[in-house]
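As they're listed, the protein sequences go chains A and B.
Start counting the first sequence at 1; every next residue gets the next number (the working numbering).
Start counting the second sequence at 1; every next residue gets the next number (the working numbering).
Mixed in with the good hints there might be a few duds.
Said to hold, decoys possible - Cβ-to-Cβ under 10 Å is the rule here; a few derived chain A residues that face chain B:
(1) Asp244
(2) Ile343
(3) Lys503
(4) Ser510
Unchecked claim - Looking from chain B toward chain A, a few residues come up when the C-beta cut is under 7 Å (computed):
(5) Pro28
(6) Leu90
(7) Tyr149
In case anyone wonders, no lab produced these hints; they're calculated from the structure.
Note that the Cβ used here is the ideal one computed from N, Cα and C, for glycine as well.
As a plain string of letters, each chain reads:
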Amino acid sequence: MAAPRIIVIGGGLAGLAAVIKIAESGGTVDLFSIVPVKRSHSVCAQGGINAAKNLKGEGDTTDKHFDDTIYGGDFLANQTPVKAMCEAAPAIIDLLDRMGVPFNRTPEGLLDFRRFGGTLYNRTAFAGATTGQQLLYALDEQVRRYESEGKVKKYEGWEFLSAVVDSKGVARGITALDLRTMELRSFPADAIIVATGGNGAIFGKSTNSVVCTGSAQSALFQQGAFYGNGEFIQVHPTCIPGEDKLRLMSESARGEGGRVWVPRSAGDKRPIKQIPESERFYFLEEWYPKYGNLVPRDIATRAIHKVVYELGLGIDGSPMVYLDLTHIDRATLNRKLEGILEIYEKFVGDDPRDVPMKIFPGMHYTMGGLWIDFNQMTNIPGIFAAGECEYQYHGANRLGANSLVSCIYGGFVSGPKATAYAKSLAAAEGDGGHAAELTRQREVNNALLNNKGTENPFKLWRELGSTMTEHATVIRYNKGLKQADEKVVELLERYKNVNLSDKSQWANTSFAFARQLKNMLELSRAIVQGAILRDESRGAHYKPDFPDRNDEKYLKTTKAAFTGEPEGPRFEFEDVDIQYIKPRPRRYDATK
Amino acid sequence: MATKTVALEIKRQADPDSPAVWERFELPWRPGMNVISAMMEIAANPVTADGRPTTPITYDSNCLEEICGSCAMRINGKARMACSSLVDNLEQPIKVEPLSKFPLVRDLQVDRSVLFENLMRVKAWVPVDGTYDLGSGPRVFPQQQEANYPLSNCISCCCCMEVCPQFNEDTGFVGAATIAQVKLFNNHPTGKVFKEERLRALAGDGGIQECGFAQNCVEICPKGLPLTEAISDMSRDVLIQKAKDLVRG
């Protein structure tokens, strides 16, 4: 039989990792990406990648990595795939090293490791503070090599719109839009791997890149794919607030000794250097003596919220706290953190080697995502998912430096699994649904272009972002969540009245954005309603009215199914695989 | 009460065949505003300074923290990243134009795929045997890592090519970014297996000999890559390679 045709959507770490595995095994791949793959959001990852290589004589093991990840995720992640990921991680680091990633080194020329949040071990390999960039480039280079051999065809500047599904519900290809010519086309495939990242844009401003809208996940959700654990959204404790986005200040700043503090007395007007140690409130170190500044992100974020909003100790009364590196010598900072220090310098104007940085939490990571089985396949046969767009590896809270390893590992699993699936796939009947799906998409496009309404899609998006950030991030109340859901319904209604100020058929960014916006709105309901249903606090999901974890009722994966009905998605709950580590209370203020 | 505003003049072009026109915008000023947030504001309210409705501006952008390399454009005549161009540091009206040396798509969006093609030509990768568990990589001392890491920071923004007087259709010059990547991969213990091929690729038409040492590249690079050093190192290696090839005949 002919070699299977596989489509990969998304050219970040997960997508590229999948492409490499497929090409290496002799297959050919069509790779779709909105941006040139080298500009994918993985490039923004800063601090490092976890693997229990135990090169610091600490007795670290992959089992400890596994335990830290499950415990950090508050026992919501299925344990079998997480265990396999942690076991695979050391070999992934070796591979990246062989591919030429310029990891930092020890004097002897071995890989250097640093400590990250939610662990007591130096387990994080790093390339300065631009690890994601370096990893993405390494995989991009390997894919370019396969491209030169004709095994990979890139469709850069194409946006995925929908899956093509046959009469039996089996995926047979995709439809996509050329963002330059605005051409709509369908592409046949025997298997499809979706690797389209997170959904930060739903929250307006986040640490995510512009393309991280969750649009592809939502399109598939609306075509029948389950969306898992959508309510779990990570808010990173240390970001620089900005007009256009929230810029990440890596956890590695704390891994290298950075300390978070505020003046003990509200409104302390003295210059920073005149505030003596005894009058500085190092609240993470006081509240969490064992982990200190390296508690997991959900814990640090809530602590900062408490300091700012309950204790009223934000710097100058504003929602900011200090992240202080000034006690560390400049040469060390430059060697290990230069990338992020430059970001702060360029965007804020102060040198963080001299002046403590002012930071505040910001939406950062999507723990939830497309529901997949242990072979990375969604419930739509033939559609696989890998990376941040799926829900599998991080439970209720992701540990720092676990995202890069989960992306690459998920890509490495999905590539071969998709190939095996595609090889055993029976031929489609008729055209496999291509003509019908093209017609459906053309109708959506025409309706959008011809709409004579009055609503500006970018303004609707701002309203969505502020509602979601207010009600569905750090602290959640059912009343607020219900308001948010009502707001989303209102926005969906107003979306029907959207009017594009640009109706041209050439590089029309408003058109592409308006299509994404519809998908963001639909996915928002899965996030908000999932949060309403979960009356407990677990990992990043925190409800003051239900402050404890409730394993009896909620040690379950949330699965949202699209209905198209006014009341929103239908939900079901699935038991979590806890066969290796028995759930125990998650207490970072006490010994584990 | 008069509120503080920001004035921009943006060069618009609907498609490659249409004439270019300038549009002026006046937007409310906000602290920390950059050229990207100004264009986001225009998208939400697409009206020119004289009250005429217009379209949102087409431009490339993604990470907005100067690491993805997307949003290179000419701002007040200088090639730079729009995300790290803070409004408060720019003279107004801020004049925004597309890069001039690359095929225009629309407005501020240009096609920079030539760089990725060049990277393919010089085999800018480490040829690993496979992705299986083949043990650890070659030992690399910190001194070498510290020499290579800056070269690996290239974000493919193409600013160095935009400002290079030699980068044009007449010379077909490959540009500084690609030359720096040749140095990076030739320095790698495994990557250097293609060293000779890469140097020969730089020796042909549009190769390294086209460099006129204007040094604009190193001055403009937003990531501070040691580009002129890479060019002179690779010029030397290309000459040595040519001599070797001549002797081998």
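Consistency of the hints with the structure:
Against a cut-off of 10 Å between C-beta atoms, the interface hint on aspartate 244 of chain A holds, since the closest Cβ of chain B lies about 4 Å away. A least Cβ separation of about 6 Å between isoleucine 343 of chain A and chain B falls short of the 10 Å threshold, and the interface hint therefore holds. Interface restraint check for lysine 503 of chain A: the shortest CB-CB distance to chain B comes to about 9 Å, inside 10 Å, so the restraint holds. Taking 10 Å as the C-beta contact cut-off toward chain B, the hint placing serine 510 of chain A at the interface holds, the least distance being around 5 Å.
Checking proline 28 of chain B against chain A by beta carbon gives a least distance of about 11 Å; that is not within 7 Å, so the hint is violated. Contact between leucine 90 of chain B and chain A, as hinted, is not supported at the beta carbon level, the nearest pair being about 14 Å apart and thus beyond 7 Å. At its closest, the beta carbon of tyrosine 149 of chain B sits 4 Å from a beta carbon of chain A; the interface hint therefore holds under the 7 Å criterion.
Violated hints for the displayed structure, listed by number in ascending order: 5, 6.
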